[in-house]
Every structure is written in C-alpha cells, then in structure tokens.
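K.L.:
Chain residues, written in single-letter form:
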Amino acid sequence: MLAFTRIDTKRIYRKTQVYEPDIVVILDEGLVETVNVVEGLKKGGIVIVNSAKKPEDIDVGIDVKLATVDATTVALEVLKQPATNSAILGAFAKATGLVKIESIEKGIMQIFGDRLGPKVGELNGKAARVAYDRTIVGQSRGHRQLKTAKKWLPDVNELPLGVAAVPMKTEAGMVGPGSFLESKTGSWRVFRPDYSKDKCTMCNFCWFYCPEGCIYRKGEEMEFDMDYCKGCGICANECPSEAIKMVR
Amino acid sequence: MVKKMVTGNYAAAYGAMRSRVKVVAAYPITPQTFIVEHLSEFVNNGELECEYVEVESEHTAMSTCVSASATGVRTFTATSSQGLALMHEILPIASGMRLPVVMAVVNRAIAAPINIWVEHNDIMPERDSGWIQVFCDNNQEVQDMVLQAFKIAEDKRVALPMSVGLDAFILSHTVEPVDLMDQGLADKFLPKYVPPGPIIDPDDVMDVGVFTPPEYMMEARFNMDKAMREAPKVIEEVNAAFAKQFGRNHGGMIDPYMVDDADAVLITLGTASSTAHEVVDDMRAEGKKVGLVKLRFWRPYPSAQLRKIAEKSKAVGVFDRAVSYGVSGPSFIEFKSAAYGLNVPAMNFIGGLGGRDVSLADVRFMYDRLLEAGKTGKVKREITWMGTRGVEQ
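Line by line, the protein sequences are chains A and B. Take 1 as the starting number for the first sequence in the working numbering and just add one per residue. Take 1 as the starting number for the second sequence in the working numbering and just add one per residue.
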C-alpha cells in the first residue's frame with residue numbers, strides 16, 4: 001500500500017501520485033525484500049525505515065542517507081499496540097529536520113486529541129517523541145540488485161470478461177482464487193501465538209474463531225499454520241484455558 | 001482566520017454546519033462516510049443544532065431530506081456511487097417538488113467492477129434529474145460551494161436541489177489547508193432560511209407532491225427547465241457575492257485559465273483541472289499557447305460560454321472521467337452539441353477511470369495532441385482511451 005504527501009509554501013496544483021519522492025518512509029521492513037522501495041527517489045533523498053537495525057546494516061540497493069527507528073517497539077511500549085503511524089513521525093522530524101518535534105507533538109495533540117480525547121493525543125505525541133529520541137540517522141551503502149516484484153497488468157484482450165478472477169499463472173505468479181498458495185501473508189505479523197499443549201482441553205474455540213482458518217485439529221492437539229497467521233490474537237483471547245499466549 | 005489542514009470530507013461537513021442545516025439524513029458509504037461521521041460529531045458536541053436522522057438506506061436518506069425540506073427547513077445529505085444510484089428514484093422528486101436540498105457527492109466508480117476510487121460515472125446518469133451539479137477541484141472550494149449551493153438552490157428564481165461533487169480520495173481523504181469560515185461570516189453570506197415555495201404547515205393546510213394529470217405536466221416541466229436556464233445568472237451572482245465577501249473567486253459556471261490567446265484548450269471536470277493548471281503553466285513557460293477551462297457546472301451546462309471559447313481556439317479537447325458506452329465521454333457529447341457547426345477540431349480524452357492516476361505527463365500528452373491538431377487542422381483520433389493497455393494511443 002502506498003500513501004503520498006506533498007509539502008510546499010505555495011499552492012500545490014498537481015493532484016497526482018508521487019513518482020519522484022524526496023523522502024521515502026517504509027513502515028514494514030519486510031517490503032525491502034520484495035519491492036524496490038527507492039524507485040524514483042531523488043538524488044540526495046532520504047529513506048526512513050521502521051527497523052531495529054542500524055542504518056549501515058540496511059541495504060536498499062543504493063548509497064543513501066538512511067534513518068532507522070524501531071517504531072513497532074516504541075508503539076508497543078507507549079501505545080500498547082503496534083500502530084506505528086505516530087511514532088514514525090518522530091523519526092521523520094529527526095531524519096529530515098523539516099519540522100520540529102514540538103510541532104509534531106502539537107499537531108498530534110490537535111488531531112488525535114480533538115477526535116479521540118487528550119489521553120490518546122498525549123500518548124501518540126509521546127510515541128513520536130520517544131521515536132524521535134531513538135532514531136539513528138546514518139548512511140546506507142547499497143550493494144545488491146533489488147528485485148521488484150512483478151505485477152500482472154493484462155491488456156484489454158487478456159483481461160477476463162467482467163474482470164472475473166480466474167485462477168491462472170501469469171508472469172507475476174498465480175492470480176485469482178488459490179493464488180495465496182504462493183503469496184504467504186505470515187510476514188504481516190507482529191505477534192505470534194505461543195501454544196501450550198498441556199493446558200489445551202481441545203475445546204476447539206480457537207479453531208472456530210480463527211478468521212484466517214490457520215488453526216487445524218491434529219489428533220489431540222492444535223496446529224498453527226504460520227505461513228498465513230497474521231497474529232491477530234483472537235485465538236488467545238477466546239481460549240478459555242489460557243493455552244495460547246501472544247508473543248512477539 | 002487561520003487555515004486548518006482538513007480533508008475534503010471535513011470541508012463538506014463543515015460547510016454544512018456553517019450553513020446551519022436543520023436536518024441531515026444520510027447513510028454511510030465509502031468514501032463519503034467521514035462526511036456523515038463529522039456531521040454526527042458536530043451534532044453530538046452541540047456545535048450544530050440539527051436533527052440528525054440515521055436511516056437504513058440512501059433511498060430513505062433522500063426521502064427523509066425531501067420530506068424535511070417540504071416542511072421548510074434547510075436540509076443536507078451526502079453520498080457516493082451505489083448510494084447515489086439507490087437514491088435515483090427520489091432525486092427527481094426533490095427537483096420536481098422544487099425543494100432546495102443540498103447534497104455532497106463524493107464521486108466514485110459505479111460497480112461492476114467494484115472499485116472505491118474516483119470516477120464520474122456515478123453522477124452522469126443523474127444528468128437529467130433536475131439537480132444543479134457542480135464539481136470541485138480543491139478542499140477550500142468544497143467548503144465554499146456547500147454554502148454557495150444553498151444560496152443558489154434557495155433562490156426563488158431557481159428553487160432546485162443541488163449537488164456538490166468532490167473526487168473520491170483525491171479530495172475526500174486528502175488533507176489540504178482550508179480557511180474554515182466563522183459562523184458570523186457564514187450567516188452574513190447565507191442568512192436564515194426562507195423557503196422558496198409553499199411548505200407543509202399544520203396551521204396552514206396544503207398538500208405537496210400531489211398527483212398531477214396531463215393537463216398540468218407540460219407547464220410544470222417547463223418551469224423546471226426555465227429555472228435551470230435562469231440558474232447560470234444566479235450562480236454568477238452568488239459567486240460574485242462570495243468573492244466580494246471572502247476574497248475567494250472560484251469562478252462561476254466555468255473557470256477559464258489562459259484561454260484568450262490559446263491555440264489549444266482543454267476542458268476538464270473535477271481534480272484533473274488542478275493538475276492541468278500546472279501543466280498549462282509549464283507549457284506556457286516553454287512558449288506553447290495552451291489554455292484550460294475548468295468546467296465547474298455540469299447542470300446547467302455553459303453551452304454559450306464554451307462555444308465562444310471554441311470559436312477562438314484552434315483545437316479543443318475534452319477530458320472525461322466517465323464514459324457513455326459506445327458513444328464517448330459524456331462531457332464530450334455536451335461540448336459537441338455546444339460547438340455544433342463550428343469547424344474547430346475536437347478531441348475526447350477518456351482517462352482516470354476507477355482512480356487511475358492522471359499524471360502531468362498524461363495532460364501534456366493531451367495538449368501535444370491538441371497543438372498538433374491545431375496546426376494540421378486534422379484530428380488524429382477523436383476518442384483516446386488514455387494509457388489503456390492494448391489500445392492504440
């Protein structure tokens with residue numbers, strides 16, 4: 001998923017997507033492995049990555065000014081949930097110097113505080129401040145050729161009638177029903193279920209409630225399909241005998 | 001007043017609040033949802049004294065607005081795409097009863113294929129519903145046009161409902177700096193509501209929306225047509241009054257830019273106008289004589305104004321974010337009718353459907369095509385499906 005923003009002191013007329021960014025913010029470190037995240041990045045541009053690594057240990061394929069912060073950990077500590085949007089703003093302030101951290105705190109207080117109450121505003125402002133303090137700004141050396149995941153873009157003659165999702169192989173892999181055999185979604189996860197067979201009574205609640213169908217009954221125990229488990233924690237929440245704990 | 005960073009949806013809801021609407025009836029649909037959420041918050045916070053009616057469908061939302069408006073109060077709703085389609089049956093009832101209901105329409109693709117992004121194919125089928133229709137290209141304009149819409153719709157010479165269109169996500173969900181107006185200034189511009197026609201009142205018995213036999217229909221329809229024909233005058237007056245009070249002139253029926261000496265003119269609806277504005281500046285700097293007409297009002301349609309511009313231009317292009325299958329973009333059909341008999345090369349560019357990006361390069365492509373047609377007098381391709389894979393450009 002992509003989102004864009006433009007900042008200027010003059011009126012901005014263009015209402016298009018951004019093709020040549022000055023700054024790229026990556027909220028999910030895993031994307032670096034599947035997408036050329038610096039595509040179109042202007043010379044002298046900045047990359048900000050949500051990662052526990054140091055800037056010099058991240059390779060985005062080019063030599064570039066790069067900042068890292070473990071925004072997920074900051075969010076978990078401060079907000080008690082892995083929502084990284086406010087934390088990453090602190091990293092943005094530190095890495096770019098375009099805006100003061102005090103202004104970010106004020107803005108967050110205004111937006112979050114107005115709509116969700118002062119407590120939520122304060123916590124999100126704190127997340128930004130903590131992330132600001134922990135952000136490491138450095139230089140990354142690009143050594144490897146980044147592979148950009150191919151996209152299936154059929155022309156008018158190849159598109160199935162009525163845009164029916166017909167299972168088929170394309171240059172970008174499988175599409176349509178069944179394509180998730182190839183596209184593992186487990187990497188979206190922040191938490192994973194830690195299952196204790198000893199406490200399990202085989203009540204099957206987790207099996208009923210798992211929205212992804214990732215839990216199987218295997219004889220006298222449950223099995224978790226970690227290729228697709230997104231770590232939502234519903235199983236742990238529903239388990240009456242505390243046999244499932246969510247761990248990072 | 002300090003400008004605030006708000007979405008187009010917020011701007012629409014804020015405009016309705018500052019218009020002191022007395023009844024809001026709406027049903028949520030992506031990407032309109034935040035408009036009704038913001039309005040419900042305004043009501044809940046006590047900022048807006050208004051009857052907020054939660055309904056079970058858009059059909060009921062519009063029915064409620066019609067009924068409320070018939071009792072003589074200012075009425076607002078908002079919808080999008082399939083929601084607008086579900087309202088379809090009631091839209092001509094609002095206009096036929098001459099009720100100045102105002103509605104924000106977040107323009108989104110109509111299914112199928114299901115898609116939540118911008119397209120104008122949701123509102124195009126409502127062309128003949130008797131609603132005045134405006135398209136915006138920035139969030140400031142969205143707020144300002146909601147207020148202007150009430151003033152236009154409530155004018156005795158008009159007395160028709162009006163929709164304010166904003167492109168899905170490009171405006172609805174994008175934050176831009178907006179001068180959110182003070183209540184005092186809004187009240188000065190849009191005074192207390194005076195219904196333009198008879199209203200339902202228990203103390204003054206009458207019937208509205210009555211069964212009407214053939215002996216009366218021609219006259220009733222003629223009056224609606226007359227109102228739509230007189231609307232441009234009111235629209236220009238309201239725009240001028242707004243510009244005078246607030247210093248913001250969004251243009252009346254159309255907002256022309258650099259067209260006086262232009263060799264090539266592009267006509268656009270919605271946010272593509274804003275992008276095209278930047279391309280005009282770029283190409284003018286290169287010495288290319290290009291101009292832009294931001295077509296603001298779709299109904300009534302500014303035929304005479306566009307014909308005048310077409311008479312002076314060497315080539316005219318029309319950008320459509322919609323298609324009338326088997327013919328062309330709807331806006332191109334209207335333009336050709338307006339330019340009937342003129343010898344100016346005209347071209348239609350269909351693009352941006354279902355949220356496909358309309359880039360600076362796309363607009364430049366259109367102008368290059370037009371300049372070429374202006375030079376040779378020949379139209380290379382009358383209808384171009386912009387960037388459509390497998391289709392000749």
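Just so you know, these hints were derived from the structure itself, not from any lab. Treat the hints with care, as some may be off.
Unchecked claim - Quick list of in silico lysine-lysine cross-link-like pairs, DSS-like style, CA-CA up to 30 Å:
#1 Lys3(B) with Lys156(B)
#2 Lys184(A) with Lys54(A)
#3 Lys100(A) with Lys378(B)
#4 Lys3(B) with Lys10(A)
#5 Lys156(B) with Lys10(A)
#6 Lys126(A) with Lys4(B)
#7 Lys184(A) with Lys43(A)
#8 Lys4(B) with Lys106(A)
#9 Lys126(A) with Lys150(A)
#10 Lys126(A) with Lys3(B)
#11 Lys3(B) with Lys106(A)
Here the structure is a predicted model, which is why all the values come from computation and not from measurement.
K.L.:
Would you mind marking each hint as holding or not holding in the structure?
P.N.:
Taking the hints in turn, this is what the structure says about them:
1. A distance of roughly 34 Å separates the Cα atoms of Lys3(B) and Lys156(B); the hinted pair therefore is violated under the 30 Å criterion.
2. Between Lys184(A) and Lys54(A) the CA atoms are separated by roughly 27 Å; this keeps the pair inside 30 Å, and the hint holds.
3. At most 30 Å may separate the alpha-carbon atoms for a hinted pair to count; Lys100(A) and Lys378(B) exceed this at roughly 56 Å.
4. For the given pair, Lys3(B) sits about 14 Å from Lys10(A) by alpha-carbon distance, which is consistent with the 30 Å threshold.
5. A C-alpha spacing of about 40 Å is found between Lys156(B) and Lys10(A), which places the hinted pair above 30 Å, so the restraint is violated.
6. A threshold of 30 Å between alpha carbons decides the hint, and for Lys126(A) with Lys4(B) the separation of about 23 Å falls inside it, so the pair holds.
7. A hinted pair counts as satisfied when its Cα atoms are at most 30 Å apart, and Lys184(A) with Lys43(A) does not qualify at roughly 34 Å.
8. Between Lys4(B) and Lys106(A), the direct Cα distance comes to roughly 13 Å. Compliance with the 30 Å bound is thereby established for this hinted pair.
9. Simply put, Lys126(A) and Lys150(A) have alpha-carbon atoms about 39 Å apart, too far for the 30 Å limit, and the pair is violated.
10. For the proposed pair Lys126(A) and Lys3(B), the alpha carbon gap of about 26 Å is at most 30 Å, so the pair holds.
11. Proximity of Lys3(B) to Lys106(A) is assessed by CA-CA distance (about 16 Å); at most 30 Å being required, the pair is judged to hold.
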